[in-house]
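The listed protein sequences derive, respectively, from chains A and B.
Residues 135 to 478 (our numbering) make up the first sequence, in order.
Residues 135 to 478 (our numbering) make up the second sequence, in order.
No wet-lab data here; the hints were simulated from the structure.
Warning: the hint list may mix true and false statements.
The list makes no distinction among identical chains, and a pair is therefore deemed to hold if it is satisfied within one copy or across any two copies.
Derived lysine to aspartate or glutamate pairs resembling EDC-like cross-links, with alpha carbons at most 20 Å apart [said to hold, decoys possible]:
hint, residue 1, residue 2
1, 188, 455
2, 141, 210
3, 137, 147
4, 204, 430
2 protein chains.
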Amino acid sequence: MNKRLGKRTLQFETPPSVLSHACVVGKKEGQGPLKDTFDYIYDDNTCGEKSWEKAETRLQQDALDHALNKGGIPREQVEILLAGDLINQNIISSFGSRGMECSYLGVFGACSTMAEGLGLAATLIDGGFATTAAAVTSSHFCTAERQFRMPLEYGGQRPPSSQWTVTGSGAVILGTHDKPPYLSYFCPGIIVDAGITDANNMGAAMAPAAYDTLRTFFTDTGTTPSDFDHIFTGDLGKIGHEIVCDFFQKDGVTLGDRYEDCGMLIFGEDQDVHAGASGCGCAASVLCGHILNKLESGEYQRVLFAPTGALMNSTSVQQGESIPGICHCLVLEGAPKGQAERKA
Amino acid sequence: MNKRLGKRTLQFETPPSVLSHACVVGKKEGQGPLKDTFDYIYDDNTCGEKSWEKAETRLQQDALDHALNKGGIPREQVEILLAGDLINQNIISSFGSRGMECSYLGVFGACSTMAEGLGLAATLIDGGFATTAAAVTSSHFCTAERQFRMPLEYGGQRPPSSQWTVTGSGAVILGTHDKPPYLSYFCPGIIVDAGITDANNMGAAMAPAAYDTLRTFFTDTGTTPSDFDHIFTGDLGKIGHEIVCDFFQKDGVTLGDRYEDCGMLIFGEDQDVHAGASGCGCAASVLCGHILNKLESGEYQRVLFAPTGALMNSTSVQQGESIPGICHCLVLEGAPKGQAERKA
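This is chain A alone, in the form it adopts within the complex (with noise of 0.2 Å):
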């Protein structure tokens, strides 16, 4: 079988299937719209520790640990660990890892990391190399706003084109047994850079990598928007979500409300986070309870994911460098196998 579809799409042969998923998130998330979905919800954003990275790395561990407890899978079952932060050298994910005794990949796609890395466990377990693998991804506000822009305590105004880090962790591991959800395809996208250099809009910088991923795959695979239930960017919040749906309105396609932001769905109108939430935690958290549960009840039978990465620091923007945007899109079926083939 072939399993590459057009320029970039992979299939799978054997679509592993999604044996448990996680998520544990920070006080302000808890109190938002998708407060239900959540498996853990701290009351202190410290989740205890003396530091913010050594409270984002309880984050994950604690996602992770949910997940082998919920699926009732032994912490040893696990062969493949993928893992990756918005952190310097992604040490949240090696840090929150030290206690694996198995193989351990970091990856990097900024916020679009939650696809990265499941994508990549797919392609190890049907590629024969792993039957049991997990992928996590978290992010904190305190650790990001420190890192990215200013100390807490600065107190700096945000315009309104800025989004706020989710403080969050996901995650998922899969396997090979026959259950649904089962993850079917992978387009992993290419670098994508529109020229923005504002670092307080990061919307507008990954809009143009969601739209070049998303049509390729639906060019590559001969779908349309309306072959899914539902499909999800990961944050590009209000401005981000607008761009996406004005170049398919170009392109004379309505994509319409199958299509949402994890950046819009997390917090509330009323929570003041200005053009929406962001951070890798944002689409992993909303994956691994909202858009996983409904995918197990039936509510959804067919999903597109496709979070997206801003590839900047703050040396690079302070350099007057350009955001260059990646996004990486997977198709989630809830259907039962057999069931569940493209339509098209």
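Mind docking chain B on chain A? Use the hints.
Using the frame of chain A, we list chain B on its own:
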């Protein structure tokens, strides 16, 4: 075929082949003992660019261009590019890959990145997800010093255990044609934390991970060090190299002269680099010149390539965290197919 051996080793069913490889380095590296193995030596470490970050980006682009040109491989033949580096949020790799029209997957394993990228590229090819994939990584003395230690202008003294970050980049293009060198095994490591907190003694922090991965690989495959012409770690330097030898000696295994560290090969004794060389570009430029050249010429038949990474950042060191290490190992076979079966 079962592609997993023992605890962690992945065995390729149809070992992917090295289609081409290249490395480019800075001035100091070009004055060292391996000077004749590099494809290009810059006599100015700015590489004609306006920032150190742009210079390192240039190194990655040039290494890949040299590899494509040497192999007569059209750029559009590369379907997936895996890249990573030491700079915050992997920006060198993201910026360096901006012109590529292929899928981009960011990887992070600190100085073990070349083995992670190459190993994953091989799983994607052997798994049927690509026919041509590339792995690229780099480091630059000036970007690393500024980020991890002090601005160059500060002129800080370096302790005897410190290592010198290599200015260089290596690129390997893997494919499916039936010609050596082949990549036959990939053993992705676990995170090993020996409790070292001295960021000026990376060799000691990483050596336990190298020992763990090599020992696991030998057990998984039923091989011994003498089944390999040569065993290379990435950038342990003199101190880490000695620790690895000691660990094996305690098990009754003498590694002897067949075990070398890339960090002890790239600079001469007279080049005043203290404990040796380091950086993603160290293992990558030794692999893409010295090692692969000897596998092609037939001087080496079978090599273990096992670079290590120190998974820390400057914040974690300031917070007193210990330095977790990781080591991923690969087997490269120079002999014609069929003659390169495992002896054990």
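Hints and how they fare:
Taking the closest pair of Cα atoms, residue 188 and residue 455 come within 20 Å of each other only across two copies (10 Å); inside a single copy the shortest separation is 31 Å, beyond that limit. For the homomeric pair residue 141 and residue 210, the shortest alpha-carbon distance between copies (11 Å) is at most 20 Å, but the shortest distance inside one copy (37 Å) is not. Taking CA atoms no more than 20 Å apart as the test, residue 137 paired with residue 147 passes in both settings, with 7 Å inside one copy and 16 Å between copies. In this assembly of identical chains, the alpha carbons of residue 204 and residue 430 lie at most 20 Å apart only when taken from the same copy (14 Å versus 51 Å across copies).
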